[in-house]
Amino acid sequence: MSNGPHAKLAELGLQLPEVVPPVASYVPAVQSGRHVYVSGQLPMAEGKLLATGKVGAGVSADQAKDLAQRCALNALAAIDSLVGLENVVKVVKLTGFVASAPGFTGQPAVINGASDLFGAVFGEAGRHARSAVGVAELPLDAPVEVEVIVEVA
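Numbering (this note's numbering), first residue to last: 1 to 153.
Rather than coming from a laboratory, the hints here were simulated on the basis of the structure. Some hints could be false.
Cut-off 16 angstroms, straight-line C-alpha distance, at most; resulting in silico cross-link-like pairs (EDC-like, lysine to aspartate or glutamate) [what the hints assert, rightly or not]:
{"#": "1", "residue 1": "K93", "residue 2": "E147"}
{"#": "2", "residue 1": "K90", "residue 2": "D80"}
{"#": "3", "residue 1": "K8", "residue 2": "E86"}
{"#": "4", "residue 1": "K90", "residue 2": "E124"}
{"#": "5", "residue 1": "K8", "residue 2": "E124"}
{"#": "6", "residue 1": "K90", "residue 2": "E137"}
Please model the complete structure; the sequences and the hints are all you need to start from.
Below, the structure written as structure tokens:
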């Protein structure tokens with residue numbers, strides 16, 4: 001399938017990483033009916049956080065946007081391992097958390113890193129409802145975390 005999600009990722013110069021192992025008592029993703037709920041994904045690669053700290057103090061908004069994209073890529077890996085990306089019908093909801101320095105209000109632009117990836121991979125089916133939330137702290141001092149719900153065939 002040349003227009004499928006794996007082909008779109010390749011066109012973007014991306015490939016799915018290994019599923020990030022849970023850092024606590026949960027599973028990366030679970031299917032209930034026609035929906036897959038992906039646990040919060042941190043910007044991890046090869047078992048390590050790509051950055052730590054607060055956005056707006058030590059982590060730039062642009063860097064955080066890239067980190068949010070990595071969170072989304074990790075979410076895609078979890079979905080693919082559970083049901084296969086080719087079975088995604090719709091990205092339903094994305095929730096993004098941004099560890100924010102006092103006064104930082106650019107959370108929506110940061111989480112666009114994840115939203116834009118879902119749009120690029122799934123086209124119209126990648127358009128979703130969303131929340132972008134500023135928080136004081138995230139697990140392991142991660143700057144961003146993304147969770148997603150998708151509908152599957």
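Exercise for the section: Hint by hint, work out which the structure violates, then give me just those numbers in ascending order. Expected result: Result: hint 6 breaks, nothing else.
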